[in-house]
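Undergrad: Listed below, chain by chain, are the residues.
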Amino acid sequence: MHVLGERKSEQFERIFVPHLDAAYNLARWLTQNEHDAQDVVQEAYLRAYRFFDAFRGGDGRAWLLAIVRNTAYTWLERNRGREVITVFEEEVHGPDPAAADPETLALRSSDAQQLRQALEGVQAEFREALVLREMEGLSYKEIAEIAKVPVGTVMSRLARGRKRLEQLLLGTASKGAER
Amino acid sequence: MTCQDAQRLLGGYVDGELDLLKQLEMEQHLAECAACGRAREALEVLGAAVRSEGMYHRAPAGLEQRVRQTLRKAEPRRERVSRRWIGIAASVTVVAVAGWSVWALLMRSPAEERLSAEVVSSHVRSLMPGHLTDMLSSDQHTVKPWFSGKLDFSPAVTDFSPQGFALVGGRLDYVDGRPVAALVYRRRQHLINLFTWPAPGPAGQAIEAETRHGYHLIRWRKAGMAYWLISDLNEKELRELAGLLQ
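Chains H and P, in that order, are what the protein sequence lines are. So in the numbering used here, spot 118 of the first sequence is number 118, and the numbers just go up one at a time. If you want the numbering used here, it's the 1-based position in the second sequence plus 179.
Misleading hints may appear alongside valid ones.
Unchecked claim - The following label-pair restraints were derived from C-beta to C-beta distances:
(1) C182(P) / E34(H): 57 to 65 Å
(2) S327(P) / E103(H): 28 to 36 Å
(3) L170(H) / E232(P): 35 to 43 Å
(4) A213(P) / L107(H): 51 to 59 Å
Stated by the list, open to error - Examples of chain H residues lying across from chain P (beta carbon under 8 Å, computed):
(5) R14
(6) D21
(7) D39
(8) V41
(9) L76
(10) M155
Think of the hints as simulated: they come from the structure by calculation, not from any bench. Owing to the predicted nature of the structure, the values given are computational and were not obtained by experimental measurement. Idealized CB from N, CA, C, for every residue including glycine.
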């Protein structure tokens, strides 16, 4: 949609600045740092602007978030090198329905700081899926396009992210391996 | 539906991503199985928690301003020239654009010119029968390892079929006096070559585009690697692929 006489930068700003919060939220959850998130957001908007011609209309937020995501991971590689990540280890017996405890979960998650720390404890790719699904309400297909993985991988990341989050909140997190 | 199935599909159910049949089966199972019902409740509690207000980080004060300023600075000169002449005869705009193109050409060094020419030659040669790929496969997990042992670097290989750019395969080529990786993509009936090789230098430089002999070229540098995209595909769509490769 093109407004007559509108400069390219004006058009770009009109479409994409409204998604600034979404961009910052994703960057913040990926870099886990307010200052770094702001750097990532600025760089992402700049790249988005350079590729504005490739934007075919449609969901501006999803298009922008894909760029934010890539920018964040590139930024992390460049500035944090190989991070030591705690890998979630699958439980030997698989998920146990009898262990589900929604009441305790509700209690623990009402503590804002504990909740935030728990999500920060989830591995980056799983955390990313949770942010895009729960906070941005994106579909599996949209998340798959942003993360450049198949839908099945999105489902798997969400399941593992949720499991990890639950364990961290309940304090039943198994010892992970460092990598 | 067994509990094992239900556990596997519970996330999809809560996210509303199951097809109707599975959804109905799930509802039936949940009505009959208390344990899975509680697991579903647990998922909903987690979801509500992650969605809660305090978890969403809104942009801090001043960020919007800084972003807008960054964009203003990035606006190419050409845009500002055109804007001043809006409403005046179209020929003036054409002159402004042509002038910018001449400026861009004059700014290019002979080495860059030669490199562009080489990339075009390599591309054209690859279009001849039997010369397109050494490794014909749309599976990025097959193509990427094929390069190791043949090149002193490992190119990133991604299939973009979901976005309309299918990976056709890979090939060794020779550009700028060194062996390079060539990845071949297809968009409709257009073939696209992506050449990449290590090129240490300052990162974060602009993506540059040019047209040569009817081919569109887009090049950039990222993380110590040089990337050249070339195709007879129109520039707009080629830029799309360039965007995906960032």
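Undergrad: Which numbered hints does this structure break?
TA: Result: hints 1, 2, 3, 4, 5, 7 and 9 break, sorted rising.
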